[in-house]
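Enquirer: Please put together the full structure from these sequences, using the hints given.
Chains as they are written, first to last, in this note's numbering: chain A, 1 to 399; chain B, 1 to 143.
The hints are simulated quantities; they were obtained by calculation from the structure and are not laboratory data.
Treat the hints with care, since some could be wrong.
Pair by pair, the computed Cβ-Cβ distance ranges are [unchecked claim]: (1) B/ARG6 with A/LYS246: 55 to 65 Å; (2) A/GLY130 with B/VAL11: 23 to 33 Å; (3) A/GLY329 with B/ALA114: 32 to 42 Å; (4) A/PRO137 with B/HIS52: 37 to 47 Å; (5) A/ARG132 with B/ALA114: 27 to 37 Å; (6) B/GLU140 with A/ARG281: 37 to 47 Å; (7) A/ARG175 with B/GLU14: 23 to 33 Å; (8) A/GLU176 with B/HIS52: 43 to 53 Å; (9) B/ILE128 with A/THR203: 41 to 51 Å; (10) B/GLU85 with A/GLY130: 20 to 30 Å; (11) A/LYS246 with B/PRO12: 31 to 41 Å; (12) B/ASP127 with A/THR203: 41 to 51 Å; (13) B/GLN117 with A/ARG48: 50 to 60 Å; (14) A/GLY335 with B/ASP127: 51 to 61 Å.
To list a few chain B residues with every Cβ distance to chain A over 10 Å, as calculated [to be verified]: (15) ASP25; (16) THR34; (17) HIS35; (18) CYS36; (19) GLY37; (20) HIS41; (21) PRO53; (22) SER56; (23) SER70; (24) ASP76; (25) GLU85; (26) PRO87; (27) ASP100; (28) VAL134.
Coverage of chain B stretches by chain A, computed from C-beta distances (three or more under 8 Å per stretch; other residues unrestricted) [as the list claims (entries may be wrong)]: (29) 8 to 18; (30) 57 to 68; (31) 88 to 99.
Just so it is clear, CB atoms sit at the ideal spot from N, CA and C, and this is done for glycine as well.
Here's the letter readout for the chains.
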Amino acid sequence: MSGSFTARCEVAVVGYAHSVIQRNAPRTLGAIALETALSAIADAGLTREQIDGFTTGSLLPSAGGHASVDGVSIVTSNWLAEKLGLNPRFAAGFQGFGQLAGGVMLAVNAVATGAADYVVFHRALHNPRGVRYHVNPMTEARGSSQWTAPQGYFGPLAMIGLPYNEYLQRYGASREAMAEVLVEARANGARIPWSYWHNQPITAQDYLDARVIVDPICMLDCDIPVDGVAAFVLTRADRARDLPNKPVYVAGYAQGSVRRPRLPVHWPLDDIMEAGFDVARRLEDSSGLSLQNVDLPQLYDGFSPFIYFWLESLGFCKVGEAHEFVQDGGIRTEGGLPVLSGGGALGNGRMHGVPQMLECYLQLSGRAGERQISSATLGLACHSSPHYGGAVLYSSEPL
Amino acid sequence: MSDLVRQPIPVPDEQSAAFWSAAADHVLALARCTHCGTRVHPAGVVCAQCLHPEPSFEFTPVDGRGTVRSWVVIRDSFLPGFRDEVPFVLVDVELDVQSDLRMIGRLLDGPDAALSQGDRVVTVFEDIAPGVAVPGFALEART
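Expert: In structure tokens, the structure reads:
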């Protein structure tokens with residue numbers, strides 16, 4: 001099960017760009033992706049012609065049954081490369097969930113093996129217009145959905161509601177504890193100019209008053225669907241030293257996976273935690289580093305309960321105690337672990353794991369501006385549930 | 001409600017026909033690997049337990065009793081056919097027949113039923129269309 005990452009710190013992130021995050025952008029997603037990719041390439045001090053690799057995970061994360069149209073509702077690596085007028089040596093898409101960690105892994109592997117010298121990794125997220133995001137008008141349940149939709153079990157809120165209630169019941173957690181997560185995410189998102197929630201912090205009472213959709217999940221436990229694109233440029237560490245920005249090195253990565261057959265979108269709490277322990281061990285084996293040395297753990301928060309699951313499975317607090325850890329100020333950027341210092345998905349909009357990766361990059365390259373945390377040296381960017389996702393370790397120095 | 005927003009009707013296929021046929025008769029019949037005897041729900045195309053190269057499953061009746069591991073209350077359904085049904089409770093049940101064999105269904109005791117982890121339930125069936133019944137659960141009478 002163990003194995004060290006032979007390319008530790010041999011690949012670095014050297015530039016980025018991020019579009020403004022909007023509920024419904026006035027331009028197509030493809031147009032925003034093109035502009036964002038070009039900005040990231042320029043930010044890295046490179047020219048378009050130097051890019052010879054593209055990676056992404058292009059899934060439209062909705063249960064609403066929307067058509068996936070390349071350049072409109074999704075943007076694949078090949079679409080982006082073609083529209084940039086390039087004929088890259090390497091273009092690939094990550095097929096699973098955890099697209100942020102997965103797409104970075106593909107990019108790192110391509111650079112480390114020499115399959116490409118300069119890779120653009122991007123993520124484009126879309127909010128289809130004129131329909132509710134997850135509403136699905138199906139009247140017949142075929143394939144995997146036949147096992148759950150006829151019972152009314154459907155969509156990601158019920159999916160996350162079951163393990164969250166399992167957690168609440170098992171450990172006696174309160175809604176007041178989770179309010180801390182939301183207040184922290186939105187306070188940090190409010191400081192980020194491109195965030196959908198820029199200048200819109202909330203109070204604990206706002207959270208407690210939010211409409212409950214799938215009890216115990218309320219509106220504010222969910223990130224809001226948006227249009228937005230982020231792009232990053234990765235290259236080999238020796239090439240990175242010749243470029244204008246301080247490189248941020250990839251120190252390791254890990255994925256978790258499902259071990260046993262389950263009903264569609266059935267995520268028992270113990271499945272999530274078991275995979276989370278795998279991810280933690282694999283990260284340490286891969287990097288040779290202890291997770292206790294991570295001073296910038298950017299945990300995934302597309303649904304707020306993931307903060308508890310990641311905190312506990314990665315060992316930042318004891319199993320069953322994340323709710324108390326959070327309530328005692330444990331994840332406050334001021335004085336606690338900066339788990340949501342980048343605002344997360346709850347504080348930015350449904351950008352998947354982009355806020356987590358971007359915060360690692362900005363802080364560790366010293367580009368976070370007035371939000372700079374001077375002490376940060378080792379960051380972790382998580383995406384998705386541990387059992388359908390992964391995490392990437394970033395270092396400010398080559399180790 | 002018009003037919004356009006009816007609740008989703010399961011469409012049986014090769015892997016599921018025996019399950020839905022038994023359900024129509026209000027019998028819970030779960031797939032069982034004929035090689036190693038492991039139950040699996042939903043039925044798969046291979047047995048994850050024994051990995052037999054010639055997979056073969058039989059659907060035999062099981063005791064539908066089990067234990068509540070978690071639940072949610074649907075207050076706003078993303079399936080339009082359930083909008084007239086909200087609020088309703090979905091329970092995540094570990095069936096007695098095999099350790100960690102889980103099934104999710106509606107709890108037919110209504111949205112106000114007091115629930116705890118470990119509560120005992122029995123499988124019951126809802127007839128949702130002619131010849132189509134869907135398994136759900138009801139709290140076992142407390143003694």
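Enquirer: Taking 50 to 60 Å as the hint, is the beta-carbon distance of B/GLN117 and A/ARG48 inside that range?
Expert: Since B/GLN117 and A/ARG48 have Cβ atoms about 57 Å apart, the given range 50 to 60 Å holds.
Enquirer: Assuming the hint says 32 to 42 Å, is it satisfied by the Cβ distance from A/GLY329 to B/ALA114 or not?
Expert: holds (34 Å)
Enquirer: Using Cβ atoms and 10 Å as the threshold, tell me whether B/PRO87 really stays out of contact range of chain A.
Expert: The claim is violated: B/PRO87 sits with its nearest Cβ about 8 Å from chain A, within 10 Å.
Enquirer: Would you say B/HIS41 is clear of chain A, with no C-beta pair closer than or equal to 10 Å?
Expert: Since the minimum Cβ distance to chain A is about 7 Å, B/HIS41 lies within 10 Å and the statement is violated.
Enquirer: The output says B/GLY37 does not contact chain A. Does that hold with a beta carbon cutoff of 10 Å?
Expert: Given a closest Cβ separation of 15 Å, the condition holds.
Enquirer: Taking the Cβ atom of B/ASP127 and the Cβ atom of A/THR203, is their distance within the range 41 to 51 Å?
Expert: holds (48 Å)
Enquirer: When you look at the beta carbon of B/ASP100, is every beta carbon of chain A farther off than 10 Å?
Expert: Given a closest Cβ separation of 7 Å, the condition is violated.
Enquirer: Is the gap between the beta carbons of B/ARG6 and A/LYS246 within 55 to 65 Å?
Expert: holds (59 Å)
Enquirer: Beyond 10 Å from chain A, beta-carbon-wise, is B/ASP76?
Expert: Nearest chain A Cβ is 5 Å from B/ASP76, so the label is violated.
Enquirer: Do the Cβ positions of A/ARG175 and B/GLU14 conform to the proposed distance bound of 23 to 33 Å?
Expert: violated (45 Å)
Enquirer: Does B/VAL134 sit more than 10 Å from chain A, CB to CB?
Expert: violated (5 Å)
Enquirer: Do the Cβ positions of A/GLY130 and B/VAL11 conform to the proposed distance bound of 23 to 33 Å?
Expert: Once the Cβ atoms are compared, 28 Å apart, the range 23 to 33 Å for B/VAL11 and A/GLY130 holds.
Hint violations for this structure: numbers 7, 11, 20, 23, 24, 25, 26, 27, 28 and 30, all remaining hints satisfied.
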